[in-house]
Amino acid sequence: MKVGVVVFPGSNCDRDMFHVLTDVFHLDAQYYWHEKGLPKNIDAVILPGGFSYGDRLRAGVIAAHSPIIKDVQKMAEKGIPILGVCNGFQILVESGLLPGVLLKNESLNFMCEWTNLIVENNKTPFTNQFKLNEKIPIPIANGEGRYYVDNDTMKKLKKNNQIVFRYSEIVNGSSDRIAGVCNEDGNVVGMMPHPERAVESEINPIDNKPSSLIFESLLTNMGATK
Amino acid sequence: MSLEKQELLDLKSKIGREPTSTELQIVAAEWSEHCSYKSSKKHLKMLPMTGPLVINEKGYDSGVLDVGDGYVVTAHIESHNHPSAVEPYGGAATGVGGVIRDILSAGTRPIAIFDGLRFGNIENDLQARWLFKNAVTGIADYGNCLGIPTIGGEVEFDECYENYALVDVAALGFGKKDNLIKNHAKKGDLVVLMGGSTGRDGIGGSQFASDSLESEDRSAVQIPDPFIEKLIIEAVLQARNDGLIHAMKDLGGGGLSCAISETADALEIGIEMDVAKVHTRESDMHPDEIMVSESQERMLIVTSKAKLKKLEEICKKFRIGCSVIGNVKFDNQMHVKKGKKTFANLPTDVVANATLLDLPSKKPAYLKTIEDEKKFKPISNYSKTLMRLIASPNIASKIWVYGQYDHEVGIRTVVKPGADASILRLDNGKFLSAKIDGNPKQCYINPREGAIGCFEEACRNVVCTGAKPIGMLDHLQFGNPNDPEIFWTFLESLKGLTDFAKSFDIPCVGGKVSLYNETPKGPIKPTPVIGVIGLIDKKPSVPQKILSDDCLLLVGDTKDELGGSEFFEYIHKFVGGKCPAVNFDDSKKNMKSVLSLIKNDLVKSVHDCSKGGLAIAVSELSMTNQIGCKVSLEKVPGEKLDPDRVLFSESHSRYLLVCDKTNLSKIETILKKNKVSFKQIGKFGGDAIQFFNGVKSIIDLSVQKAHKTWIHALPNLVLHGKKSG
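Residue numbers (our numbering), protein chains in the order written: chain X, 1 to 226; chain L, 1 to 725.
Worth flagging that the hints you see were computed from the coordinates, not collected in a lab. Model, not experiment: these values are computed from the prediction. From the three backbone atoms N, C-alpha and C, an ideal C-beta is built for every residue, glycine too. Relax, there's no trap hidden among the hints.
Simulated crosslink set (DSS-like; lysine-lysine; CA at most 25 Å straight-line):
no.: 1; chain 1: X; residue 1: Lys36; chain 2: L; residue 2: Lys309
no.: 2; chain 1: L; residue 1: Lys316; chain 2: X; residue 2: Lys70
no.: 3; chain 1: L; residue 1: Lys317; chain 2: X; residue 2: Lys40
no.: 4; chain 1: X; residue 1: Lys36; chain 2: L; residue 2: Lys310
no.: 5; chain 1: X; residue 1: Lys135; chain 2: L; residue 2: Lys416
no.: 6; chain 1: X; residue 1: Lys135; chain 2: L; residue 2: Lys545
no.: 7; chain 1: L; residue 1: Lys416; chain 2: X; residue 2: Lys209
no.: 8; chain 1: L; residue 1: Lys545; chain 2: X; residue 2: Lys209
no.: 9; chain 1: L; residue 1: Lys539; chain 2: X; residue 2: Lys209
no.: 10; chain 1: L; residue 1: Lys317; chain 2: X; residue 2: Lys70
no.: 11; chain 1: L; residue 1: Lys133; chain 2: X; residue 2: Lys104
no.: 12; chain 1: L; residue 1: Lys430; chain 2: X; residue 2: Lys209
no.: 13; chain 1: X; residue 1: Lys36; chain 2: L; residue 2: Lys316
no.: 14; chain 1: L; residue 1: Lys538; chain 2: X; residue 2: Lys209
no.: 15; chain 1: X; residue 1: Lys36; chain 2: L; residue 2: Lys317
no.: 16; chain 1: L; residue 1: Lys398; chain 2: X; residue 2: Lys104
no.: 17; chain 1: L; residue 1: Lys186; chain 2: L; residue 2: Lys338
Not the full set, but computed from the structure, chain X residues with beta-carbon under 8 Å of chain L:
no.: 18; residue: Tyr53
no.: 19; residue: Glu113
no.: 20; residue: Ile203
Whole structure, please, built from the sequences with the hints as guidance.
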């Protein structure tokens with residue numbers, strides 16, 4: 001199965017994500033530069049973390065206007081699984097593919113630490129191998145990671161089961177401790193924590209199994225053999 | 001800020017005519033202390049710089065170590081003290097940028113950043129607090145954006161840095177040996193300036209850094225742009241992969257003047273360049289300004305005409321500037337023109353090699369009496385004293401600092417910051433460990449023993465992870481070298497480091513000298529900062545979680561040498577006493593033994609004893625593992641001393657070992673065989689940190705309470721001005 005890793009100027013987790021997709025899960029991953037288009041035969045798209053355009057103006061806002069985003073939108077409409085991690089999540093929000101905004105953390109600082117996620121929706125292509133309420137030890141690394149939505153949108157999110165991950169404790173002041181959401185159809189998922197930093201036991205001091213399920217879910221979803 | 005009278009005469013006699021104004025600017029930049037090392041260069045040669053793993057190539061800005069299987073690690077250290085003291089955010093950020101480009105210029109990808117930060121006493125000095133907070137943000141914003149993890153460092157506060165800041169940045173790179181840039185140039189090759197535009201920021205920066213900080217010359221501070229730096233990294237590495245780079249140098253201190261003259265001198269070529277071809281930020285810049293601007297995020301690349309098109313395509317992809325500014329000649333001249341008009345035409349060896357100085361030195365008068373101790377008020381409550389030390393800014397947890405740095409990006413970080421040394425995994429299955437250490441309090445009391453102590457401490461930290469030290473970086477920071485007493489402290493430190501490096505076979509792979517570090521109240525304390533790089537062949541089994549009933553052993557003697565200790569300086573407010581000295585034989589034995597215990601999987605955790613002594617080292621193990629510990633002071637190896645001395649002495653070469661009791665006898669056998677001084681001094685369990693003197697309990701602290709204080713003391717102070725402990 002073919003996975004596209006979109007690279008913007010300033011992306012810096014693209015190589016980490018690529019390594020995990022190819023060396024750990026043996027997927028056929030390809031980089032796609034932001035000025036190019038995405039081929040039609042792609043099975044999933046991942047927008048990795050980093051500082052696209054140096055976070056100028058607002059994290060993700062310039063990258064959201066890249067030519068490649070039009071193709072990402074088309075694929076989202078077709079129901080192809082799309083995952084945005086950290087800056088990738090910020091870009092999906094800024095491009096309107098996901099609801100809400102990401103504000104500066106309550107501490108006003110960049111935060112790099114390990115935290116725990118709770119799975120709130122196990123029906124998405126990236127969470128179908130989890131049990132509901134399963135705990136995922138995972139690191140965060142962001143300055144603008146506080147998810148915020150207004151009350152009306154929050155009601156909609158809850159009604160449509162769009163909250164995918166919550167932090168188990170208050171981490172950065174996110175609305176309702178939200179760490180990841182999906183679109184109404186459930187195929188576009190965005191999350192602030194970094195699953196690619198948690199799937200290998202060598203660098204995960206706690207438990208690498210739960211984070212691996214994010215990628216296992218994608219494999220299962222596609223019914224693909226590695 | 002220009003040439004000294006004698007230097008001007010030298011220049012005139014060397015070129016046989018009056019220099020032009022551009023030539024004066026170029027030479028003043030290149031002959032500044034910052035670029036030329038004119039005061040220190042003669043002496044730096046004493047350091048051993050070769051070894052079986054060291055790869056020496058001409059024109060490298062970083063040290064290169066062969067780590068096997070066709071891979072190399074590069075390393076470098078720099079400081080940005082003057083700029084950071086004036087503008088801490090930009091100064092610290094551009095400090096990161098500069099050292100990263102040094103790593104890049106060898107053709108390796110930067111994989112780790114370390115930062116050593118020093119400020120005045122933040123407990124009562126609000127400016128120090130402001131400098132600290134903004135320097136940390138500057139490093140975070142720059143390093144995080146680049147996607148290079150900041151995985152280690154140190155933070156220290158001392159009154160000698162009042163109104164000043166030391167910001168040291170070290171970086172490591174990794175790559176294939178075959179991909180190293182073999183700096184060379186062929187006839188007809190082109191000289192390309194790549195990256196950010198040249199502006200009026202940082203003009204005269206290297207002279208600014210080579211003078212005492214009297215005026216706050218903000219225009220001499222460079223402006224950081226990590227986004228462009230990130231694009232340069234990717235563009236350069238792609239150009240490297242495509243074989244487009246014949247030679248490369250980063251633009252740092254001295255700007256184009258330095259990069260052009262040093263490249264030409266190292267490659268024994270001449271370079272003819274046209275300042276009109278340089279892409280500038282402002283249209284009306286004078287050639288003099290263009291030649292000495294220290295605008296950041298620029299690289300000088302030598303390539304061929306045939307390869308230029310591909311290089312331009314890469315730069316276009318990343319939308320970074322790429323200007324052909326000159327070409328390679330074989331006349332050994334640095335020829336600067338604007339259009340057809342010549343502004344400078346100098347022999348490169350004249351520009352690149354300032355006349356070296358042989359400055360006088362004299363033992364400082366203060367050292368005569370500094371080792372005398374005064375009588376101290378006896379400690380009435382050791383638990384309280386320990387708690388005060390745990391909360392003291394120099395000992396309190398630095399998680400508030402490294403929590404703002406992305407230390408995981410790049411997915412190499414096996415052991416995260418906060419341990420003795422962090423560990424990175426390499427692509428060949430080996431592991432890299434590194435640490436930087438300084439100790440100005442001890443170096444002030446004894447510049448030689450203090451410097452050796454920094455070196456040994458950095459080695460200890462690396463050894464605690466199971467790594468064998470394979471290379472060192474030295475960063476020598478002192479006051480005005482024209483003061484013979486200051487120059488003496490520089491020479492003593494350097495001699496000490498040289499003796500240790502030779503005796504332990506640890507080559508110096510890179511370094512930096514920073515002089516003229518003066519505050520309004522006088523010179524800083526001698527502050528050598530030493531980085532040590534260690535290599536581990538297989539995944540280390542330490543650290544493991546400490547459990548109840550695990551045994552605590554102490555390796556190494558505790559001696560009556562508390563000069564420069566946190567106990568004397570923070571608790572007793574006393575500067576003086578005997579500085580801890582490293583016994584080379586004991587140090588080697590202990591290092592070797594600890595490494596063999598880790599290799600044989602006999603220990604669960606190893607921690608070195610340093611700042612705050614045994615009491616703090618034990619507390620740190622307890623706090624980070626959330627488990628109590630009971631220690632008997634009379635079992636501590638070494639001469640019989642009073643409890644305060646045993647608890648807080650900062651003697652070197654000491655390691656705390658934690659093991660499962662089933663391994664105890666095996667460990668004892670190995671240590672006895674190696675004739676190492678050691679004892680089991682305690683056991684883990686319960687929820688209190690306890691020290692006993694015979695049957696008498698002298699310290700009893702709740703682990704939870706201590707941990708809370710340790711974690712929150714620094715942010716409480718920085719953000720809320722609140723003292724803990």
